[in-house]
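*Asks:* Please work from the sequences and hints to get the whole structure.
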Amino acid sequence: MRKFVTVILAVFMIAALIGCAQKQAAAPPEQPVSQATDSTSQQPGMSTPATPAEIAAAVKEIETKIGDVYFAYDKYDLDDKAKTTLKSLATMLGKRNVSVAIEGNCDERGTKEYNLALGDKRAGAAKQYLVSLGIASARVSTISYGKEKPMCTESTEACWAKNRRDHFVVPEAGQ
Amino acid sequence: MIKRFLSTITFIFLIAFFITPSSAEKIYLNITSPGVKKLPIAIQPFIGAKDVSDIVKADMMFTGLFDCLEDAAQIERPDQPFTVMSWKGLGVEMVVKGVVTSSSANSIDISIRAFDVTDGREVLRKEYTAKRDILRQLSHMIANDIYRILTGQQGIFRSKIAFVSEKPGSRLLYVMDFDGDRMRSLGPRAGIMLAPRWSPDGTKLLYSSEKSRKWGIYVYDINTGTELNTNVPLSGLSIVGNFFPDNRRFVYSSSRDGNANIAIGNIGGTAPRRLIATPWIDVSPAVSPDGNSILFVSNRTGAPQLYISDIQGYNTRRLTFEGNYNTSPAWSPAGDMIVFASQIGGRNQLFTIKPDGTGLNQVTRDGNNEDPSFSPDGRYIVFSSTHDGSKGIFVIRANGEGLRRITPRGFRSASPAWSPF
Numbered sequence: 001m002r003k004f005v006t007v008i009l010a011v012f013m014i015a016a017l018i019g020c021a022q023k024q025a026a027a028p029p030e031q032p033v034s035q036a037t038d039s040t041s042q043q044p045g046m047s048t049p050a051t052p053a054e055i056a057a058a059v060k061e062i063e064t065k066i067g068d069v070y071f072a073y074d075k076y077d078l079d080d081k082a083k084t085t086l087k088s089l090a091t092m093l094g095k096r097n098v099s100v101a102i103e104g105n106c107d108e109r110g111t112k113e114y115n116l117a118l119g120d121k122r123a124g125a126a127k128q129y130l131v132s133l134g135i136a137s138a139r140v141s142t143i144s145y146g147k148e149k150p151m152c153t154e155s156t157e158a159c160w161a162k163n164r165r166d167h168f169v170v171p172e173a174g175q
Numbered sequence: 001m002i003k004r005f006l007s008t009i010t011f012i013f014l015i016a017f018f019i020t021p022s023s024a025e026k027i028y029l030n031i032t033s034p035g036v037k038k039l040p041i042a043i044q045p046f047i048g049a050k051d052v053s054d055i056v057k058a059d060m061m062f063t064g065l066f067d068c069l070e071d072a073a074q075i076e077r078p079d080q081p082f083t084v085m086s087w088k089g090l091g092v093e094m095v096v097k098g099v100v101t102s103s104s105a106n107s108i109d110i111s112i113r114a115f116d117v118t119d120g121r122e123v124l125r126k127e128y129t130a131k132r133d134i135l136r137q138l139s140h141m142i143a144n145d146i147y148r149i150l151t152g153q154q155g156i157f158r159s160k161i162a163f164v165s166e167k168p169g170s171r172l173l174y175v176m177d178f179d180g181d182r183m184r185s186l187g188p189r190a191g192i193m194l195a196p197r198w199s200p201d202g203t204k205l206l207y208s209s210e211k212s213r214k215w216g217i218y219v220y221d222i223n224t225g226t227e228l229n230t231n232v233p234l235s236g237l238s239i240v241g242n243f244f245p246d247n248r249r250f251v252y253s254s255s256r257d258g259n260a261n262i263a264i265g266n267i268g269g270t271a272p273r274r275l276i277a278t279p280w281i282d283v284s285p286a287v288s289p290d291g292n293s294i295l296f297v298s299n300r301t302g303a304p305q306l307y308i309s310d311i312q313g314y315n316t317r318r319l320t321f322e323g324n325y326n327t328s329p330a331w332s333p334a335g336d337m338i339v340f341a342s343q344i345g346g347r348n349q350l351f352t353i354k355p356d357g358t359g360l361n362q363v364t365r366d367g368n369n370e371d372p373s374f375s376p377d378g379r380y381i382v383f384s385s386t387h388d389g390s391k392g393i394f395v396i397r398a399n400g401e402g403l404r405r406i407t408p409r410g411f412r413s414a415s416p417a418w419s420p421f
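Protein sequence lines correspond, in order, to chains A and B.
Here the first sequence stands for residues 1 to 175, numbered as in the working numbering.
Here the second sequence stands for residues 1 to 421, numbered as in the working numbering.
What the hints contain is simulated information worked out from the structure, not anything from laboratory work.
C-beta: ideal position from N, C-alpha, C; glycine also.
Do not rely on the hints blindly, as some may be mistaken.
Which chain A residues face chain B? A few, computed with CB under 10 Å, are given here [stated by the list, open to error]:
#, residue
1, Ala-101
2, Tyr-114
3, Asp-120
4, Pro-171
*Replies:* This is the structure in structure tokens:
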């Protein structure tokens with residue numbers, strides 16, 4: 001009997017949790033959306049909150065060792081080099097209790113809306129690969145910037161190649 | 001709609017007396033026929049306010065349909081009564097005279113008369129009273145009245161263009177008159193903002209904004225000056241889209257399910273409904289003006305092309321076969337034409353095509369051009385371009401003639417949308 005009650009209670013609690021999660025997803029746009037920075041301790045998929053030192057170390061490792069993932073023109077498939085980069089990112093995420101935001105970018109040649117969809121695909125491809133490597137989906141967010149936030153602004157192939165990228169940031173670091 | 005818009009923004013006071021011409025049926029210029037020849041007319045400097053007649057003249061010249069006789073070539077003075085003999089030899093078909101007086105400190109009265117040179121009779125007599133601070137809008141209204149007499153069609157001179165100003169780090173929703181005058185920020189700002197689209201009744205603007213890493217779809221209410229939320233969740237990439245004829249529902253592209261699909265959203269009300277879902281990118285949907293078809297971009301054949309489906313998302317057919325990068329489509333207000341950007345040599349050029357896939361026609365030839373939007377009469381296209389090296393808003397006639405910059409050089413701006421009449 002007691003076991004039965006526990007099960008019922010557990011079911012109720014899970015239902016309540018799902019309800020909360022759904023409510024949060026459908027929050028009206030004026031709600032603050034910087035939840036990632038405010039609620040680090042509740043990041044799903046992590047047991048203990050990341051310490052400031054851990055966050056700083058993660059940021060440094062991304063910036064100095066891991067780097068960005070690059071794509072061919074109008075493509076969003078990951079080549080071997082991209083997969084190697086993502087594997088090292090997954091290794092870092094395995095060690096450190098932080099989440100990661102993937103920013104998908106494009107070069108300036110395409111049009112705004114299609115480029116945003118393309119950047120979204122590029123970010124999504126990296127996320128999917130990280131999840132396939134065992135990283136919890138909830139720790140990885142994606143955002144597309146299309147061609148709106150280029151890191152290089154010249155109209156040359158060298159510059160375009162630099163802009164066709166997934167860039168990684170750590171939301172806990174306020175990035 | 002525009003009257004309502006103005007009453008909120010500037011509080012106008014305007015009365016127009018219309019003395020109907022005896023026979024309004026005569027059309028001086030049939031603008032629906034192809035290869036139309038320019039009609040010579042004379043707009044005399046208005047007595048008391050030459051700036052008003054200058055605006056009217058600029059509007060007429062903008063259309064590329066008229067030749068306005070120079071002031072210096074006119075024999076009859078503006079204050080002399082209309083005489084056929086003064087104009088016959090100059091070859092003009094119509095003469096417009098105006099008198100501007102001031103009845104009080106901030107109010108003006110304008111009296112307009114138009115004369116048919118061939119028939120030697122008055123075809124328009126109209127009086128306007130307005131506050132002085134809306135002189136520009138009033139001048140455009142006079143231009144619309146003259147345009148209607150000459151062509152039998154509604155003029156676009158009181159229409160507006162919404163767009164996004166691209167300042168580093170922040171994007172702002174802007175609106176200006178069709179000629180680039182009276183440019184002003186409406187208030188909404190975002191990290192990235194794109195594609196403001198007018199509701200068919202002209203009272204709302206639908207647009208996509210990225211704020212703090214979340215893409216959302218918002219509506220700006222022109223009458224109240226407020227930003228409204230929609231029922232689109234802040235999840236994944238969401239990009240409009242345009243309104244249905246009911247001014248409430250809209251189509252948009254959403255990657256909420258992990259891939260860019262096409263859905264129908266709402267200002268409030270029920271949850272969004274998914275319409276077209278494939279493993280490919282499906283983006284930039286546009287409902288036809290009659291509300292029966294959806295035009296969109298898909299890379300289902302490997303590269304982006306235009307497609308048209310019915311309103312349920314079924315019976316999809318490919319529209320474009322020339323070129324391997326066709327995006328950024330928009331319907332003409334009559335639904336008889338589609339404008340889009342096609343990539344040639346790494347740059348996007350505008351083309352028009354009929355909804356049945358015939359009549360492909362190149363509109364622009366220089367610069368990098370995108371986000372085209374038709375004028376309410378379908379005769380002009382506004383778009384963003386780097387034509388002269390500085391990214392801004394340009395207007396061109398749908399036949400590719402009369403390219404002109406609308407926003408000032410150095411004022412970075414994009415995503416223009418032409419309002420309804």
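*Asks:* Next, verify each hint and record whether it holds.
*Replies:* Do the hints match the structure? See the list:
1. Ala-101: 7 Å, holds
2. Tyr-114: 4 Å, holds
3. Asp-120: 4 Å, holds
4. Pro-171: It holds, given that the least Cβ distance between A/Pro-171 and chain B is near 8 Å, below 10 Å.
Going through the hint list in order, the structure satisfies each hint without exception.
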